[in-house]
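Chemist: Residue strings, one per chain:
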Amino acid sequence: MKQEAKASARGPTAQYVTFRLAEETYAINVMQVQEVLRVSEIAPVPGAPHYVLGIVNLRGNVVTVIDARRRLGLEPREPDDASRVVIIEVSNQVVGILVDSVAEVIELGAAEIEPAPNVGNDESSKYIQGVASRDGELTIVVDLNKLLSEEEWAEMASL
Amino acid sequence: MNPQRDPVLLEEREALTRYLDSLLQEIPEAPQESESQARTEMPVPAPVKAPPTPPVAEVRTEVPAPVQAPVVEPSQAQSPSPEVGPPEWGRERFQCLGLRLAGLTLAVPLVKLNGIIEMPDEITPMPGHQPWFLGLVRHLDRQVKVVDIARIVLPEGREYAPIEARHVVLMDDSQWGIACEGITEVMTLESDAVRWRSSRGKRPWLAGTVIEQMCAILDVDILARDLATGQWSVSTAPAPARRR
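Sequence lines, in order, name chains A and B. Under the numbering used here, read the first sequence as residues 456 to 614, first letter to last. Under the numbering used here, read the second sequence as residues 2 to 245, first letter to last.
Any given hint might turn out to be false.
[Unchecked claim] Reference listing, derived: stretches of chain B covered by chain A, where coverage requires no fewer than 3 residues with Cβ under 8 Å from a Cβ of chain A: (1) 106-117; (2) 134-141.
[Said to hold, decoys possible] Residues of chain A clear of chain B, computed beta-carbon distances all greater than 12 Å: (3) GLN470; (4) GLY591; (5) THR594.
[As the list claims (entries may be wrong)] Some residues of chain A that are not near chain B, with every Cβ distance over 12 Å (derived): (6) ALA477; (7) GLU479; (8) TYR481; (9) LEU492; (10) GLU533; (11) ASP535; (12) VAL560; (13) GLU562; (14) GLU569; (15) PRO570; (16) GLU610; (17) SER613; (18) LEU614.
Quick caveat, the hints were computed from the structure, so don't treat them as lab data. Ideal Cβ placement from N, Cα and C applies to all residues, glycine included.
Kindly produce the complete structure, drawing on both the sequences and the hints.
Modeler: Pasting the structure below:
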């Protein structure tokens, strides 16, 4: 009974893949994650947006890789052994995002994710779905559907 | 005493005086005689009569309720608008807490404070936000949005330098936290001792100034509203790292 009540209080749950960026923990819905790769050779694409690192060959398919740090306005840094490319599918497009490291898969209830702070009405922060507190630390939940605007997704498809 | 500190102190005082002067420039000139009359009839309480300053070591406790705190109607608190003259809490004698940040002293009415916490070792920055939004801290199961308002209140021409925040002053139902370098004292002020803004102009968050204490009084309701929606033109210098 207690477990049912607890589950009810959490609301509908979903699983999230967590990764680290600049010493903070981020989470994305596991249903949008296809696989996680070690960083291999990334071929730069001339004229691409600043947050696009380049393209990789994934079993014969060309996949565009986005630098999550640059996209989120964080200080860029060179990949290291812990860096990973998370292959995600958004808006019927498959792209990779470079992150500092991949941590774990967690389960979050809808009620555990508090809305993103409304500060300054910044357009650039619309991709933050909310924040969840776990073990005394805050995890930033990213809405991948809003990571790029429609125009940016279209530009990504044309690379 | 180190004699080399004197020029620095003079410089700080001069800068503060200029700042307060610049704030007052937006106030229509009051008749000289009424100003002097007000000063004569309503002197600011002497420092010795002021309540003792809360020791820094005990700042985790909630701020005590002020003496003779005026009642604020919830409807007015929820939809603040820049008023002409004193806000409701400033129409009688009221108490303020002094905050130090970026070389300035700002006063926040106690009736609008929710508490003071030490600056936590870790603060969670949120990507893609304005530089004055330092991030989130967890306090009593709430997420407090911590802001560095020095970027907003610094006078024009004065270069911003990231503050070394030691405390966070909670306001607006603990939704917001003002990062500050220090807490100075609790001041008991008579309403007539404050030069209330007659129009809010460029600084709607400024309720008034107190020349005797050399400080500006914040209108917390307006500040909280503007923090949520504001688009200030502020310094873009990077925020300091908060992890220690």
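Chemist: With a Cβ-Cβ cutoff of 8 Å, does the stretch 134-141 of chain B contain at least three residues near chain A?
Modeler: holds (count 3)
Chemist: Is it correct that the beta-carbon of GLU569/A has no partner in chain B closer than or equal to 12 Å?
Modeler: With a cut-off of 12 Å, GLU569/A comes too close to chain B, as the shortest Cβ separation is near 6 Å.
Chemist: For THR594/A, is the shortest beta carbon distance to chain B beyond 12 Å?
Modeler: 9 Å, violated
Chemist: Could you let me know if the closest chain B CB is still more than 12 Å away from the CB of TYR481/A?
Modeler: Nearest chain B Cβ is 9 Å from TYR481/A, so the label is violated.
Chemist: Holds or violated: is the Cβ of GLU533/A farther than 12 Å from all Cβ atoms of chain B?
Modeler: Holds, since 19 Å exceeds 12 Å.
Chemist: Holds or violated: is the Cβ of LEU614/A farther than 12 Å from all Cβ atoms of chain B?
Modeler: Given a closest Cβ separation of 23 Å, the condition holds.
Chemist: Over 12 Å to the closest beta carbon of chain B is the bar; see if PRO570/A clears it.
Modeler: Check fails; 10 Å does not lie beyond 12 Å.
Chemist: Check the non-interface label on GLU479/A: least C-beta distance to chain B beyond 12 Å or not.
Modeler: Answer for GLU479/A: violated, closest chain B Cβ roughly 6 Å.
Chemist: Taking the minimum C-beta separation from VAL560/A to chain B, is that value above 12 Å?
Modeler: 21 Å, holds
Chemist: Does LEU492/A clear chain B by more than 12 Å, comparing its Cβ with all Cβ atoms of that chain?
Modeler: Fine: 23 Å to the nearest Cβ keeps LEU492/A off the interface.
Chemist: Find the nearest Cβ of chain B to the Cβ of GLN470/A and say whether that gap is larger than 12 Å.
Modeler: The claim holds: GLN470/A sits with its nearest Cβ about 22 Å from chain B, beyond 12 Å.
Chemist: Report holds if the minimum CB distance from ASP535/A to chain B is greater than 12 Å, and violated otherwise.
Modeler: 19 Å, holds
Checked against the numbered hints listed earlier, the structure breaks hints 1, 4, 5, 6, 7, 8, 14 and 15; every other hint is satisfied.
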